[in-house]
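> Listed below, chain by chain, are the residues.
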Amino acid sequence: MTCIKIVVKQVGKRHKRELRLAPHATIADLLRKLDQNRETIVVRRNGKIVVEEERLSDGDLIEILPIVTGG
Amino acid sequence: MLKCTFCGRRAAYNRRYAGVLLCDRCLIKSVEKRFRRAIAEHKLLSPGERVAVAVSGGKDSIAAMHLLVEHCGRKNCELVAITIDEGIKGYRDQSLPIARENAKSLGIEHYVVSFKRTFGATLDQMVRRANARKTELNPCTYCGVMRRSLLNQAARELGADKLATAHNLDDEVQAIMLNYVRADFSRLHRLGPSYPPREGFVPRIKPLREIPEKEVALYALLRGLEVHLAVCPYTGGIHTEIRDFLNRIEANHPNSKFMILRMFDRLKPQLARIVPEFEMRRCKNCGEPTSANICKSCELLKELGLRRLRKTLISPKSS
Chain U
1 MTCIKIVVKQ VGKRHKRELR LAPHATIADL LRKLDQNRET IVVRRNGKIV
51 VEEERLSDGD LIEILPIVTG G
Chain G
1 MLKCTFCGRR AAYNRRYAGV LLCDRCLIKS VEKRFRRAIA EHKLLSPGER
51 VAVAVSGGKD SIAAMHLLVE HCGRKNCELV AITIDEGIKG YRDQSLPIAR
101 ENAKSLGIEH YVVSFKRTFG ATLDQMVRRA NARKTELNPC TYCGVMRRSL
151 LNQAARELGA DKLATAHNLD DEVQAIMLNY VRADFSRLHR LGPSYPPREG
201 FVPRIKPLRE IPEKEVALYA LLRGLEVHLA VCPYTGGIHT EIRDFLNRIE
251 ANHPNSKFMI LRMFDRLKPQ LARIVPEFEM RRCKNCGEPT SANICKSCEL
301 LKELGLRRLR KTLISPKSS
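As given, the protein sequences belong to chains U and G, one line each in that order.
Here this note's numbering is used: the first residue of the first sequence is 1, the next is one more, and so on.
Here this note's numbering is used: the first residue of the second sequence is 1, the next is one more, and so on.
Source of the hints: derived by calculation from the structure; they are not laboratory data.
Computed from a predicted structure; not experimentally measured.
Since no wrong hints were added, every one of them can be taken at face value.
Label-pair distances were calculated between CB atoms; the ranges are:
id: 1; chain 1: G; residue 1: Gly159; chain 2: U; residue 2: Asn46; range: 45 to 55 Å
id: 2; chain 1: G; residue 1: Glu241; chain 2: U; residue 2: Thr26; range: 23 to 33 Å
id: 3; chain 1: G; residue 1: Arg198; chain 2: U; residue 2: Glu53; range: 40 to 50 Å
id: 4; chain 1: U; residue 1: Asn46; chain 2: G; residue 2: Thr5; range: 15 to 25 Å
id: 5; chain 1: U; residue 1: Leu61; chain 2: G; residue 2: Gly224; range: 13 to 23 Å
id: 6; chain 1: G; residue 1: Glu136; chain 2: U; residue 2: Asp58; range: 46 to 56 Å
id: 7; chain 1: U; residue 1: Arg20; chain 2: G; residue 2: Arg37; range: 38 to 48 Å
id: 8; chain 1: U; residue 1: Thr26; chain 2: G; residue 2: Phe185; range: 41 to 51 Å
id: 9; chain 1: U; residue 1: Asp29; chain 2: G; residue 2: Thr5; range: 19 to 29 Å
For each residue, glycine too, the CB sits at the ideal point set by N, CA and C.
Work the whole structure out from these sequences, hints included.
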């Protein structure tokens, strides 16, 4: 397999995005690609809250939940 | 699958500043332990006290209310909740019902104090007035000053011995940095886990001060608490720049936020030498405690062509 295909939903944004990543990419790699700071979000992988060092698999649904809400 | 360092279950959080992975259960236990440790170490609460908790409906205050209700149950303290409704359309009107529902489910008396009823204008209306008058103050100034004042007054009227706020590690470190940037010794000196009693002020306590924002959020989410996670529409300005700066530093150099806090806590006793003591007076307009003739809230209201409509905040109808 040359790359994996995942779906990303950023909570608060309307549309889901489909992305292609390298086969051994981690969630941290995805966050770098999306320019998201891990300090400011929580990630759900297929509905479960997971650590950013987990490797992604083909077909994963990744939800990115912003947690920094105040002024 | 990455496993929890302590129990081997699936990890939900990488606590990089400590070099450990935590599963949902171990993270919840750890946050509760830090909360209890903060209360014990800084003597934030004593048995039998009446505690008012400021609850907006966001993750921090909802987590704080749930943690406090359990603690108060064990220590025979009485807990009441206060929400300040600033009047931010599409934001506070969504979080307020969440605060109310959480308080109701926990069996806590809940009081709502609104800008509109107290000052005759919502924050949205104040911002429009400020823009029309070109005051050059940002919305957080009006919101912060007036919210703090109303929280203190409401807690005092409710007979609270302590006013608990849900400031987390990130909030505290941002406030430290903001006061450095502004060279505001007086405000810097007031930061800390608690604020000592002074006439007219209910002593404030911050039991989440040593828990990072992300861990508070995870605690609320992993416990399945109902929280409001939207972003305040007025977010911006220097507060946001400092927050983003600190989050970049922490992402690249884990533990930086704790180091800033530790450094400040060691420096704080020295600040007392250079911060002048000021005489506490009563505001000539509203009677609230202030260091000047007129308190900051009344001063800001005057600039906007507004005045305070109600002297007493808590009526039986507020609950």
